[in-house]
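Student: Hints are included, so try docking the two chains, each in its own frame, into the full complex.
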Amino acid sequence: MPQYPNRQFLDFEQPIKTLYEEIEKLKQTAEKSKIDMSDSIQKLQDAIVEKRKEITDNLTPWQRVQLSRHPDRPYTLKYIEKIFTNFVELHGDRNVRDDKAMIGGFAQLNGETVMVIGQQKGINTKARQLRNFGMANPEGYRKALRLMRLAEKFNKPVITFVDTPGAYPGLEAEERGQGEAIARNIYEMVRLKVPVIIVVIGEGASGGALGIGVGDKTLMMENTWYTVISPESCSSILWRSWDKKEIAAEQLRLTAKDMHGFGLVDEIVPEPIGGAHWDYDEASAILKSCIERNLTELKELDAQKRVEMRIDKYCKMGHWEELMADASMAV
Amino acid sequence: MKKEREEDFENNLTGEEDNHQEENSKRSWFKRRKKGILTSTADKKETPEGLWNKCPNCNHITTTKELKEELFVCVKCNYHHRIGSEEYYEIIFDNSEYTELFDNIRSIDFLHFTDLKPYQKRLDEIHSKTDLKDSMRVAVGEINGEKMVVACMDFEFIGGSLGSVMGEKFSRAVDYCIEHKLPYLVISKSGGARMMESAFSLMQLAKTSGKLSQLSDAKLPYISMLTDPTFGGISASFGMLGDLNIAEPGALIGFAGPRVIKETIKKDLPEGFQRSEFLLEHGFLDFIVDRKQLKDKLHQLILLFRN
Ligand SMILES: [Zn+2]
Numbered sequence: 361m362p363q364y365p366n367r368q369f370l371d372f373e374q375p376i377k378t379l380y381e382e383i384e385k386l387k388q389t390a391e392k393s394k395i396d397m398s399d400s401i402q403k404l405q406d407a408i409v410e411k412r413k414e415i416t417d418n419l420t421p422w423q424r425v426q427l428s429r430h431p432d433r434p435y436t437l438k439y440i441e442k443i444f445t446n447f448v449e450l451h452g453d454r455n456v457r458d459d460k461a462m463i464g465g466f467a468q469l470n471g472e473t474v475m476v477i478g479q480q481k482g483i484n485t486k487a488r489q490l491r492n493f494g495m496a497n498p499e500g501y502r503k504a505l506r507l508m509r510l511a512e513k514f515n516k517p518v519i520t521f522v523d524t525p526g527a528y529p530g531l532e533a534e535e536r537g538q539g540e541a542i543a544r545n546i547y548e549m550v551r552l553k554v555p556v557i558i559v560v561i562g563e564g565a566s567g568g569a570l571g572i573g574v575g576d577k578t579l580m581m582e583n584t585w586y587t588v589i590s591p592e593s594c595s596s597i598l599w600r601s602w603d604k605k606e607i608a609a610e611q612l613r614l615t616a617k618d619m620h621g622f623g624l625v626d627e628i629v630p631e632p633i634g635g636a637h638w639d640y641d642e643a644s645a646i647l648k649s650c651i652e653r654n655l656t657e658l659k660e661l662d663a664q665k666r667v668e669m670r671i672d673k674y675c676k677m678g679h680w681e682e683l684m685a686d687a688s689m690a691v
Numbered sequence: 014m015k016k017e018r019e020e021d022f023e024n025n026l027t028g029e030e031d032n033h034q035e036e037n038s039k040r041s042w043f044k045r046r047k048k049g050i051l052t053s054t055a056d057k058k059e060t061p062e063g064l065w066n067k068c069p070n071c072n073h074i075t076t077t078k079e080l081k082e083e084l085f086v087c088v089k090c091n092y093h094h095r096i097g098s099e100e101y102y103e104i105i106f107d108n109s110e111y112t113e114l115f116d117n118i119r120s121i122d123f124l125h126f127t128d129l130k131p132y133q134k135r136l137d138e139i140h141s142k143t144d145l146k147d148s149m150r151v152a153v154g155e156i157n158g159e160k161m162v163v164a165c166m167d168f169e170f171i172g173g174s175l176g177s178v179m180g181e182k183f184s185r186a187v188d189y190c191i192e193h194k195l196p197y198l199v200i201s202k203s204g205g206a207r208m209m210e211s212a213f214s215l216m217q218l219a220k221t222s223g224k225l226s227q228l229s230d231a232k233l234p235y236i237s238m239l240t241d242p243t244f245g246g247i248s249a250s251f252g253m254l255g256d257l258n259i260a261e262p263g264a265l266i267g268f269a270g271p272r273v274i275k276e277t278i279k280k281d282l283p284e285g286f287q288r289s290e291f292l293l294e295h296g297f298l299d300f301i302v303d304r305k306q307l308k309d310k311l312h313q314l315i316l317l318f319r320n
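Respectively, the protein sequence lines represent chains A and B. If you read the first sequence in the numbering used here, its first letter stands for residue 361, the second for the next number, and so on. If you read the second sequence in the numbering used here, its first letter stands for residue 14, the second for the next number, and so on.
Just chain B, with the same shape it has in the complex (with noise of 0.2 Å):
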């Protein structure tokens, strides 16, 4: 990576809306799934290609179609574009077909929990806005023809935080595994525990353990794969407890968030400090894999597993 990008995930677990403007060029594809008709954002020139994209890391316009046809990777840098589930599943999943599975579970304010504002009244209001129940995601379909059953996560859902659903819908995609038999597949994109639910968010890092340790005794292959930016809870549960732990080039994955450390030792953080580059290099990842490699990768793991 060129350019070191300034990272507040952070900002991204509060629920709140980014008004930062490069932020919401790097969402832009997201705008697709706002109930009703596409909305852009002010500043936005719609065109009949779709809309342009500056890459965050390079600055090279580009049209949100050609984005996506690039599988929303920079042809200039290889950046890799943040995005959500159903472009990672419409990537990986033969013909874009899949099934999604727990798709009626959502989130509740079981705590009246209220910062600035009531957690209920942002659940609402992302409700309102997507289609997405929550901040993960499950499907299943098939790879290059090999069944898998892969969770996915969504950022822009309370920056992809975890919490009691989360925990739930990771459940019950491990219970779908040993029953039918097939790999699994999490793709992390979080700032980690969701604070709104408090100490229940906390315990799904035990929870999910738990799935995980039935999921090794029958035997079926976990694949984490760790996408940007992955932190907190996420890595101190299931992102790093992968048969394979995997990332996308250039992802920021860690424990510690860079504000966190950087307040601690009072100290600026190396250049590439806790990119995936440099997890490999430490020993925490199996491989590094670009998104246009992933889908035949995974049919490749899949096959390695069995056979």
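So here's chain A without its partners, still in its complex pose (with noise of 0.2 Å):
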């Protein structure tokens, strides 16, 4: 996790910055004078506590957004790290090649072994092209089923981190079936006889986020976004200008706290004060009793039970109006 001045901070987190300059200008003036400024040294770090609770209580669904991408933010790999032991990644989809922006394998909860499945970012430029910035070609889809398929046969969970700006829009994904590579993820998940938890922890984008998204419980992070489109794709389309991104990020609910409340997804996981990046064991930590409580009760239904529920869950999604038979029959 980095560290000031290795930080970086968004437009409305600059605040922050601030005061660490503060603390920084205090901690020259006290090198060189030698008076001891702890006390108000501690101050300060009590008032960027104070002001990251403040800023991320009155973001706005946009800023959401824009903290879901936050360059500091843990990845997949991290939460892997740091929430389960003996980690294998097991690599490509047995046809093309190995996708990098889809990463999985086996690893163990609690000495349980699980199969763990996510988009990757990456941490760096470098980085983030090796990972084609979490967006998985039609390859990537299929290794994750590959991995899900082999989890079912040896009965372990199924756990998914979703992070992704959408599946990847290109002229070889389209040739290899990106839409088929989508469709046949979820229609399998759906029907898969082992628990399948699902983790939104930072861009949930349409149909590349639902090609590892579709489980018996659907856990998002405070500060995460999950939707049908990107606000951005969205406000190009409907508003046919790059520039209202903010509406569109408002008027598509795209919030956890929306998506919790309009009964799409199963429950909010908190996190730490200001959001994920500036504590990933805190993190960590609370997202592990999240998943370890979900796949506890998980556990206790038999398979086809578990798929029974799971596809009434998603048959109950959405909204419309009845007209009575011969109401309609008057119009």
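Worth flagging that the hints you see were computed from the coordinates, not collected in a lab. Among the clues, some could well be false.
[Claimed, not checked] Pairs of lysine-lysine residues, derived as DSSO-like cross-links and limited to a Cα-Cα distance of at most 27 Å, are as follows:
(1) A:Lys676 <-> B:Lys134
(2) B:Lys305 <-> B:Lys78
(3) A:Lys604 <-> B:Lys160
(4) B:Lys305 <-> B:Lys67
(5) B:Lys305 <-> A:Lys486
(6) A:Lys460 <-> B:Lys305
(7) B:Lys81 <-> B:Lys130
(8) A:Lys604 <-> B:Lys130
[As the list claims (entries may be wrong)] If the Cβ cut is set under 7 Å, some of the chain B residues that face chain A in the computed set are:
(9) Val178
(10) His295
(11) Asp299
Predicted, not measured: the structure shown is a model, and the values here were computed from it. Every residue gets a Cβ at the ideal spot worked out from N, C-alpha and C, and that includes glycine.
Tutor: This is the structure:
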């Protein structure tokens, strides 16, 4: 986890940066003048925590989207490292190649083997390229499916981490059937006989997210978003301009609070004050306990019951109006 | 296809009336479904045979009546004009007779979504203009004497977009198939998910897949027919999940739209990219079927699945 001065600050986080700078100044003054300034420094450090809270308490939906993309935010491999032990990464879809935007493998949760799968973003410029910004190609989804089937065969629960701005919209992706790959995953995840827990840890964009996002329980971390299209693309199509992303983010109701309120996700996972990027250990510990609790519950159900409940859950999603039979004839 | 047609189905997803002339001529027969008397756009000449139509692919001029007799396929270049559920039902069901199912379900603006216009206003406007209740209709009828449930999209209803209503109708159609032990055909023609229903639209991908899982367990055949255009959430769910995936010739089919891909890779797309023939070549379709052979082909398939 980066520490100041290596931290990055979003525009609405600038007041925090200012406080850090004040601390630095005090430290320098203390050094030079040999005066004990620890009280003042402590006050500023408390002020930073206060400020982090104040900022995240009042975020607009668009700012929440920005926070979900914070460059210091932990990604899938970080959560795997902090929550699980004995992780063995498994590569390849056995067909085309190994997609670096999608990772997965066996790991243990408190000594019990599970399959972990997730989109992976890069932590620096070079890695971001390698990971294709978390945008998987069809072979990524097919690798994920291969690992899910492996898990099913050996009766291991599946835990997925969703963090993608979307499935990759490329020429080869279309040639290799991006739509089919996502469709197949959604279909197979609906039917998977083992417990499936989904965690949205960052961006949950559209079919690219749902392609590893169908399960018994969907957990959404506090500062993430999840909806049918990114606010930018939505703005460009419905408003015919790239400048309405803030409004699109509002209209889409894409925050964890909204999604939970609609019953489209099962639980909101709290984050450390100011967001997961402030404390990877704490973020992981909170998430770990949520996963443990849900997994324990899910394991109590028999496989068939679990699949029935899963399908029922998705079948209840949607709102429409039903006209009376005779009234519709009268119209 | 001789000429690459510029495709802008995203525009239809906005639910805006299309003012583009060519688009209007492509869709002129839809006006028949308008409430009240047939209305024509200003530049259309009405003749006893109906309206004139120009083929968007080869510019061949024909009357709507002639075009209808040819099942809306260009006699000169075999271009398959975009048609709606009514036309498909008339083409495939015996004597054009069928029973419509679940037609009392309508979309509502649950989220109070407003882009350039409130979603509810868009819905009200479309409902006042056409008899369509949403972007998908479901019907049961006979195809050369064999019963089949056919769900079919109407592109003119917000670009055939997938929202809660389509998901629910799809679901009930599957239940109907299971109850009556009937095969299921879905004719897709859609720009993708309905953005105005936000994540509720997205979840329809999981909902419809769940229903297909039940249909599969009941060992009933599901045929997915893709027509021009089929994109986004449809191809990323039930559109690509058929026991058989088939398509009309020359249909544009894909996950990401051509505009988005072009902007991403910063290159022009090869000719024929994302057309039915391209998908067949890459292994994602079982076969391509001409509209004129569709009915007999479906009948043949029903028999093959059963006997
Ligand atoms: Zn023609």
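Student: Are Lys604 (chain A) and Lys130 (chain B) close enough, with their CA atoms no more than 27 Å apart?
Tutor: Holds, at roughly 14 Å.
Student: Taking 27 Å as the top limit, are the C-alpha atoms of Lys81 (chain B) and Lys130 (chain B) close enough?
Tutor: Roughly 35 Å separates the two Cα atoms, so the pair is violated.
Student: Does the CB of Val178 (chain B) sit less than 7 Å away from some CB of chain A?
Tutor: holds (5 Å)
Student: Is Lys305 (chain B) within 27 Å of Lys67 (chain B), Cα to Cα?
Tutor: holds (20 Å)
Student: Compare the distance between the alpha carbons of Lys305 (chain B) and Lys486 (chain A) with 27 Å, and conclude whether the hinted pair is satisfied.
Tutor: violated (54 Å)
Student: Quickly compare the C-alpha distance for Lys460 (chain A) and Lys305 (chain B) to 27 Å and report which way the hint goes.
Tutor: violated (46 Å)
Student: Are the Cα atoms of Lys676 (chain A) and Lys134 (chain B) separated by 27 Å or less?
Tutor: holds (26 Å)
Student: Run the distance test for Lys604 (chain A) versus Lys160 (chain B): straight-line Cα separation, threshold 27 Å.
Tutor: Judged against 27 Å, a Cα distance of about 49 Å means the pair is violated.
Student: Grab the minimum C-beta distance from His295 (chain B) to chain A and call the hint holds if it beats 7 Å, violated otherwise.
Tutor: holds (5 Å)
Student: Is the hint on Asp299 (chain B) kept, meaning its closest Cβ partner in chain A is under 7 Å away?
Tutor: Cβ of Asp299 (chain B) sits 13 Å from chain A, so the hint is violated.
Student: Check the hint pairing Lys305 (chain B) with Lys78 (chain B) against an upper bound of 27 Å on the C-alpha distance.
Tutor: holds (16 Å)
In this structure, the earlier hints numbered 3, 5, 6, 7 and 11 are contradicted, and the remaining ones agree with it.
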